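Undergrad: Given the coordinates of chain A, work out where chain B should sit on it, guided by the hints.
First to last, the sequence lines map onto chains A and B. Heads up: the first sequence is residues 34 to 201, going by this note's numbering. Heads up: the second sequence is residues 9 to 173, going by this note's numbering.
For the record, the hints were derived by calculation from the structure and aren't laboratory data. Here the structure is a predicted model, which means the values were calculated and not measured. Note that CB positions come from ideal geometry on N, CA and C, so glycine has one too. Each hint should be verified, as a subset may be incorrect.
Said to hold, decoys possible - A few chain B residues that face chain A, going by a derived Cβ cut-off under 7 Å, partial list only:
no. : residue
1   : T116
2   : D117
3   : F132
4   : T134
5   : P149
6   : V169
7   : S171
8   : L172
9   : R173
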Amino acid sequence: MLTIGRRPKRTLLRLLVLVVAAVVIFKFVLLPIRVMGLSMEPTFHDRAVNFINRLAYIGGPPQRGDVVGIRLSTNTDGPVQVMLLKRLVGLPGETIAFSSGHLLVNGNPQEEPYLKWLNPDWNEPGRSLGSNEYYFVGDNRSMPPERHEHGVAFRSQIVGRVLLKGKL
Amino acid sequence: MKLVVRLMWAAVLGALFFWSWNFFFPAPQKVIENHLKKLARLASFSATDGNIKRLADTERLGSLLAEKIHVVLDAPGLRGETFDNREELLQAVLAARAQAKDLRTQFTDIGIRVNPDKKSAEAFLTVLAKIAGEPDLIIEPLKFTFQNTNDDWLITGIETVKSLR
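So here's chain A without its partners, still in its complex pose:
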């Protein structure tokens, strides 16, 4: 005869609570993701697994250096299953440029310890960001810039911040 403990009702209730909590957490709070593509190498590998924390910015706005999930369109209604994974490098009101692959914020070069490879052809003129705009780029700047999706998105397109730093 199958038994599930001395107090089966309590066990079943605990199981139910666990299932509901898991569904709520992984559907609304921590979105599991699988990375596809090379634009965030070497920080995040192709096919790596991670989570996007949707509550990361409840206490404050996104910061430079954050790796975030970004909706593909400006329409923020509806579900999100596919998103871009990029690093936030420009904040509202700043002017962002690239010179031989190096990031310039308001004309000043920035320390980017996550960068390993640079393409010297990666040169882009200054781009001013509006009050609700952020600049995003991947860590793999060895790719030609025209093959690397990067640019401006609105604050509302940011889904959340990646949970696990480093490689999985």
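TA: Coordinates of chain B only, in the frame set by chain A:
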């Protein structure tokens, strides 16, 4: 006990009524979503499909489109493609089917906005497409515009959306 049973029956009947209402009088968002899912199914094809099936699917695909449809596509393999009417687009679809062996298309992250006049609507979605023999999945955000013509929501525009401007 009788009250509990009656309440349960009331709940069941209420659910049945709600389901029936939505089935026979679906909201515009639901109609549009169903059109988009049908479009994704019809856009997919397999190497084992015969020419008649491919032609029939293309015809059915055409029934979802307005005669005057404006399409602007800027995706891998389709840089700068534009089409200004249904016939032109369907010819291009037939030509693409003749070249590719197998295509699986899925629409995800569908967000639909119906305008207050209920005569027009916009849908944003992400296309996931897999071509047989190609290693990478094609992922492109698209915007669809719809017009309500004789109680039928037809697609009047399709354009690729730049995620990062």
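Undergrad: May I ask which of the numbered hints given earlier this structure violates, with the numbers listed in increasing order?
TA: Every hint satisfied by this model.
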